[in-house]
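K.L.:
Following the hints, put chains B and C with the ligands in place on chain A, whose structure we already have.
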Amino acid sequence: MAAREVTQGWIPAFAGMTRGFGKGLPKGEGVGRGLRALRAAVQRLRATWSPGYAVAAAVAALFVLGFLPFVKMGLVVNGFVLGAIIATGAIGLTLIYGNLNFANIAHGDYMAMGAYVAFFVVTDLLAAVGIQGQGFGPFTFGYPLLIALPLAAAAVALGAVVLDVVVYRRLRNRQVNAVVMAMASLGLAIAVRGLIQIIWTGEKLQLPRESRQVYHLPMDIRIPPDSIFIAGLAVVLVVGVYVLLTRTKIGKAMRATADNPDLARVTGIPTERVIWATWAIGGGLAAIAGVLLAVFQAQLLPSMGWEFLIPLFAAVILGGIGNPYGALVGALVIGVSMEVSTQWITPSYKHAVAFIIMIVLLLARPRGLLGRSN
Amino acid sequence: MAGIYAVFALGLNVHWGYTGLFNIGIAGFFALGAYTAALLTSPAADPLLFEEFVFAGDWAQLGILDLGIDLWFVLALAAAGAACGVVALLIGYVTLRLNDDYLAIATLGIAESVRLFFLNEKWVANGSKGLYQIPQFLEGWLPSDKYNYLYMVVVIVVLAVLFALVQRVMKSPWGRVLRAIREDEVATAASGKNVFSFKLQAFVLGAVIMGVGGALFAHHIRFVSPLTFDPLLGTFIIWAMLMVGGSGNNLGAILGAFVVWGLWVGARFLPGELADPNFRFFMVGVLIVAVILLRPGGILGELRRVTRGRAGRSAVRLDDG
Amino acid sequence: MALLEARDIVAGYGETQILHGVSLVVNEGEIVTIIGPNGCGKSTFMKSVVGLVQVRTGSVTFRGADITAYPPERVVRTGLCYVPQSANVFPSLSIRENLEMGAFIRGDDGRARIDEMFGLFPDLARRPTARAGSLSGGQRQMLALARALMLDPVLLLLDEPSAGLSPAIMGLVFERIRDINATGVALLLVEQQAREALRLSDRGYVLSGGENRLEDRGPALLDNPEVARLYLGG
Ligand SMILES: Nc1ncnc2c1ncn2[C@@H]1O[C@H](COP(=O)(O)OP(=O)(O)OP(=O)(O)O)[C@@H](O)[C@H]1O
Ligand SMILES: [Mg+2]
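Chains as they are written, first to last, in the numbering used here: chain A, 1 to 374; chain B, 1 to 321; chain C, 1 to 234.
If we strip away everything but chain A, and leave its shape as in the complex, we get (with noise of 0.2 Å):
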């Protein structure tokens, strides 16, 4: 099996972009010079590790797109808050991906987890403390949900990690192959689902609220306080992340591992260490991502995450397995796609959507959007 190689995924796409710049110019010519010169700039960049630009021209590009006529600037909008929650999950299903080679199908039910988590602590543990409120700042939920945001999430990450020396090292130590780790995932979906049940009952939960004003923007732009405190957390976390894996010994061991688990052993990296960071990061933002999405539809709902499962996936794949700026990328594309769709078909096709976008993708480039094409 050959080695992914990560995190690099976005260079020929650009490459595709700026092939051309400056050739057929006369020399010397003044505008020759000054293309010639940005090519070879480009070409320096390309040779360097700096996926932003891929991320920076998929936003550009998925914007340009509500200033078409016949699209909506307010569902682009819309698209973008969606696909935050969706990357946010997607970047740690991807690195998990990445670094333990299987689908983890349990991702899902991981962000349904933490949003439950993140409801006990607002309306248990907080409120029996005294802590209590709702309607803080312009936001429709209070501030002890910016307490249950991290326990929630170091509540799932902790709960990932102890599930991989129960459950997944067990089997890497056993080398059975990915599909039966996959499978693992699946029982441990069911599981964490049904604890939920247990704990919380099958039925529709809500977080405290109270209604607030929607923001109007111009170009019939309607945006609710909560997206915006969505997409800035988000945002946070992405460069969180980004951060992590290019400056952290942690975070450049958990590249290395992905690229070359391996090579990465007889290097001297503690790989089970790397794989338990992963999980920890992964479920950390999986838990997030699960309480960002109980805000943006504004009720709980133990199959939230099971049926979040697709455009994750749909995401993860669309930005090439493994690569989290992709998984990002992907996830702004499926968002977008899924909300734009709604001015045309009903809403409740918007998973559908994102899986037949998947699959057209698949069709086209069986590498993801921005994996390599071979």
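Hints in this document: simulated from the structure, not taken from any laboratory. Computed from a predicted structure; not experimentally measured. The beta-carbon is built from N, C-alpha and C at its ideal position, and this holds for glycine as well. Incorrect hints may have been included.
To be verified - The following label-pair restraints were derived from C-beta to C-beta distances:
id, chain 1, residue 1, chain 2, residue 2, range
1, C, G21, B, V169, 22 to 32 Å
2, A, V71, B, V161, 50 to 60 Å
3, B, G192, C, G21, 30 to 40 Å
4, A, V166, B, I221, 49 to 59 Å
5, A, V236, C, V10, 51 to 61 Å
Stated by the list, open to error - Listed next, the in silico EDC-like pairs over lysine to aspartate or glutamate satisfying Cα-Cα at most 16 Å (straight line):
id, chain 1, residue 1, chain 2, residue 2
6, A, K72, A, D220
7, A, K249, C, D108
8, B, K193, B, E183
9, A, K249, A, E272
10, A, K204, A, E307
11, A, K249, C, D109
P.N.:
Chains B and C with the ligands alone, transformed into the frame defined by chain A:
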């Protein structure tokens, strides 16, 4: 009921047990099969009952094919299988060339899309209200209180036919290739087999069996709605059945179906907490994980094990990367 | 006393056994080369020494300690570093990050050592932020060497360091190998370029069909008519 589930377990066994295909959207094929059969045999829609439902069934009474309802029943089973086969062909064609995991996601997508389709397109199948009073096979032969015994015989006959079919197919050279693919895809490809084509055939075969299972289900319950096919009863429990019984073993699949269904239904009569459906839901997941960890072969296991050449697989990476 | 001693190694993948009892000794400061036909198990032997492939019977002793059952991440800590045949750098990491990973288990942050490596391989120093995946074959090989040297190994295992390189670059690699050895590091090489490799080796082994065939001093092997006929192209 257990017999119907056994049909699914058998279909899943063709996917996972024999070929190693990871289908987590069984519910999609389940629903598709059930709806196909229901639509083909249902009498014309009562406009008072079904407001937006215009795609009237009533094929049996149309007189195009004057077969009588009972032959239609047989035809409906076949059609349900065929519908699933076609969908499996399409999806398999796209995803089976790629990474194994893509199939899992794709099957999940199918399940969701099928559900959304029947939920939203009211004209096809009455949306969330579903179809009811689906006719039954040989209705009226026996008083309705005894009818269930008759239907049980029907299910057992269908199950036996499918069992014999799968058994036979898997013993053939074709089946051996499938198992070889499951064990070591690269080596099988190297020996000149078109792995993609074999996988696709297996995927379609398994889906057809699931479609038939769906049809049997529809005629048993006599009611289908998008809510009938939730992931738990449509997918998860079938996985538990196969895993418990032993993947790669058809008898095991059937046994697993009866055991797990027995536990599922039996647990209802347990005292207190244990009877809670949520607790049973939880246990289905735990059961799957436990089987993988503790007894990968299930109760029966695979009778004749093919060589397991997995140890040391990871070492391939350094040289082939 | 021998630095590394492998005794009657039996190993393989799954059901297939590749090595049927290979023995080999590397003494302190030596360069030892293994040659042999394709697929005879040279790489498999190296992998069993570092713990990537499980040793079924036989033993590996390094600096007096029995490391037979050590997992790879433990083997490196004993001062034995390994450069695989291919895929021997982390392609999505930059040159500098590759070296940092090489220093993962060093007590310090490895910065000084990275600078030393840049001194030894000036080619790498030119663009430390370039991704390893974008490097040429020669540069990659140099980076792999530098990565393995980050831990100041006592013994370095190199699996076909000259594979796929142009003759000029190949010469450079062999030169580096000599330099590394001059600092007191022992080396165990697997090489297709048997003539070149044996010339700079103290001793050599010929492996065939997963078993030892011959063992001698490097130059002596070069003169051996059978070796010449089989592996040196006449
Ligand atoms: N990961 C693996 N799984 C199964 N068989 C393997 C694996 N790696 C190598 N082999 C087989 O083991 C045998 C020895 O391979 P090895 O790589 O050790 O040979 P080599 O002497 O290094 O050859 P080369 O000169 O081509 O590098 C070969 O027949 C090969 O097909
Ligand atoms: Mg080799």
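K.L.:
Taking each numbered hint in turn, which are not upheld by the structure, reported in ascending numerical order?
P.N.:
Result: hints 1, 4 break, sorted rising.
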